[in-house]
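Student: Chain V: place on chain Z using the hints.
As a plain string of letters, each chain reads:
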Amino acid sequence: MLHTADWVVLIAALTTIILYGLYKSRTSRNLDGYFRSNRQLPWYLVLLSIMGTQASAITFLSAPGQAFTDGMRFVQYYFGLPLAMIVICVTFLPLFKKLNLFTAYEYLETRFDRKTRTFTSLLFLLSRGLSTGISIVAPSLVVSSILGWDIYWTNAIMGGLLIIYTVTGGAKAVAYTQQLQFIIIAAGMFLAGYYAVKLLPAGIGFSDALSTAGDAGRMNIITTGINKEGHYNWNDKFNLISGVIGGFFLAWSYFGTDQSQVGRYLTAKSLRESRMGLIMNGLVKVPMQFLILLTGILVFAFYNYQPGPINFNSQVTAKLESSPFREEAQQVNIAYQQKKENISRLLQASNGRNILPEEKIAMKNLYHDADSLRGAYRTLATKAGVKTADDTNYIFFSFITRHLPVGLVGLLIAMIFMASWGSIAAALNSLASATMIDFHKQYSSRTYTGEEEYRISRLYTLAWGVFCILAAQFATSLGSLIVAVNVLGSLFYGTILGIFIVAFYLKKIKGDAVFFSALLAELFVCYVYFVLHFEGFLWLNVIGALLVVILSPLMQALTRTPVKEK
Amino acid sequence: MNREHNDQPPIFPKWLHWYIVVLAVLVIEIALFYLITKKTG
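Note that the protein sequences, when read in sequence, are chains Z and V. When the count follows the numbering used here, it moves up by one through the first sequence with no breaks and lands on 566 for the last residue. When the count follows the numbering used here, it moves up by one through the second sequence with no breaks and lands on 41 for the last residue.
Next comes chain Z alone, as it looks inside the complex:
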């Protein structure tokens, strides 16, 4: 149960955001005001809005847990991002600004035809609508599980209260609240990292914590993905090669063609301000993710000196306790706790002197055994019928609620809500803009006034908000949500990027050729993932984009559409 002081901090933070969002809601009652904030925002607000849109609650819950279980190598996922920012600044952005677009997909009708625009916008609505539902339920599951809250009410608050200011204030309210949310998130993460070091035993410092994590194989920041036989492992999820190449395509597609991001930097007051926002995002992203992962490393080091559960999701333990695997699970847990005790004893014994080579080997073996036992416990949980035995997302939040001082717990829960609201608000605004601009205005025969368009856009924002909360309520019974949200984007982004690359660089390709190439590429990406069960999902972005680029000229030759001079 939460302490009263934590409740006060949490409610105060959430109320402040809603009131601030409503205060900043005053905007022109037309489409330009509602979706582009009248293009008046400075670059630093654009930067915070871009960052706040990308970093959802999952980022702050999952990334430290990822470092705890798998190490720092996840940071490589972002290595392709900085270069992608510059490419977008040089190619996509000037054209988006020049054509005075509301959505990125409008450009595809100018360049190709209406069906290609509709198809691409539909892919966006499909992927963003579903992933927003998942990004509501994923943090809700963790929060409700650890605090004992009702999952449906948690979903409603996690995805519902932000609708108040998002519907009212549109893009302007989204950007300004993201600024305040960022301050709360940064403060929360800094304090969590500070307390993880402060709670270490006397005489154990920051560098000792890193050394401990290194012995356990958690400081694997750079990995090549090449195995001992010298072959590259294509199913390896995070390594230098997939991070630079796959990550570049993912970031290029996400920031260049996903309306939830395009809609953020189109709010800037000039082309220069949009570019500054994107460039700065490229420069700060890798260090920021490194620091978030480092927090997880410090939590890992903390638990080397303190007893910790074998699985941080208490529902997994509860399920095993009432299953036929109870005794087996207890034995695994006892063995794990013994290994942990041995680790702690060895670390304390070597404190203040250089660790001996034989002690280092013994330590590495103990960490290896402890990891194996955690894996064995998860396997038993899966056998007992637990859908998601992986506790990666529960580790950081569990640490916060168990070990941080009163008041700070409330702030960090607020941080999870803030991160969630920032990305969901931007997603709702972009879903509404794509629905209004790419579908309603295209397929409606009526002519609307600016005021009418503004009202309809607000209704679409509300409707998408309700849709995402409903999707979240149904998604609570699904399995691995975190994996789903990561893979979902990669299933569609490659194809969407391919369409845009053809639009920009292959001037002779016409609408029919790119449309059918995109359809084929999307089917092939789905085949590779769902039928061939390919796990290196970052490569799906490369496959989708390259397929569209390669197939389009072939399709153009087959359809024999006469090339007309513009």
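Heads up, some of the hints might be wrong.
What the hints assert, rightly or not - Heads up, simulated BS3-like pairs for lysine-lysine below, C-alpha to C-alpha not over 25 Å straight-line:
| # | chain 1 | residue 1 | chain 2 | residue 2 |
| --- | --- | --- | --- | --- |
| 1 | Z | LYS319 | Z | LYS383 |
| 2 | Z | LYS24 | Z | LYS269 |
| 3 | Z | LYS115 | Z | LYS98 |
| 4 | Z | LYS508 | Z | LYS115 |
| 5 | Z | LYS360 | V | LYS39 |
| 6 | V | LYS14 | Z | LYS269 |
| 7 | Z | LYS364 | V | LYS38 |
| 8 | Z | LYS228 | Z | LYS364 |
| 9 | Z | LYS360 | Z | LYS339 |
| 10 | Z | LYS97 | Z | LYS441 |
| 11 | Z | LYS98 | V | LYS14 |
| 12 | Z | LYS228 | V | LYS38 |
| 13 | Z | LYS198 | V | LYS39 |
| 14 | Z | LYS507 | Z | LYS98 |
| 15 | Z | LYS228 | V | LYS39 |
| 16 | Z | LYS383 | Z | LYS339 |
| 17 | Z | LYS441 | Z | LYS98 |
| 18 | V | LYS39 | Z | LYS364 |
| 19 | Z | LYS364 | Z | LYS339 |
| 20 | Z | LYS98 | Z | LYS510 |
| 21 | Z | LYS508 | Z | LYS97 |
| 22 | Z | LYS510 | Z | LYS115 |
| 23 | V | LYS14 | Z | LYS97 |
| 24 | Z | LYS387 | Z | LYS319 |
| 25 | Z | LYS441 | Z | LYS115 |
| 26 | Z | LYS508 | Z | LYS98 |
| 27 | Z | LYS98 | Z | LYS269 |
| 28 | Z | LYS97 | Z | LYS507 |
| 29 | Z | LYS339 | Z | LYS319 |
| 30 | Z | LYS360 | V | LYS38 |
Claimed, not checked - Quick list of simulated restraints, FRET-style, between CB atoms:
| # | chain 1 | residue 1 | chain 2 | residue 2 | range |
| --- | --- | --- | --- | --- | --- |
| 31 | Z | SER444 | V | TYR34 | 53 to 59 Å |
| 32 | V | LYS14 | Z | GLY148 | 54 to 60 Å |
| 33 | V | HIS17 | Z | LYS383 | 53 to 59 Å |
| 34 | Z | HIS3 | V | LEU35 | 41 to 47 Å |
| 35 | Z | LEU462 | V | LYS14 | 45 to 51 Å |
| 36 | V | LEU23 | Z | LYS198 | 33 to 39 Å |
| 37 | V | LEU23 | Z | GLU328 | 50 to 56 Å |
| 38 | Z | PHE474 | V | HIS17 | 46 to 52 Å |
It should be emphasised that the hints constitute simulated quantities derived from the structure, not laboratory data. Glycine included, every Cβ here is placed at the ideal spot set by N, Cα and C.
Tutor: For chain V alone, kept in the frame of chain Z given last:
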């Protein structure tokens, strides 16, 4: 040309400079991370 739609990058005179800056920062980060990996691993 309209100033809003020009190709002038912010801060530097050419986009090539931004490509160099971004790649240099990335290479420095990777080198630093590699050293940390080797030192603590």
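Student: Of the numbered hints stated previously, which ones are contradicted by the structure, given in increasing order?
Tutor: none
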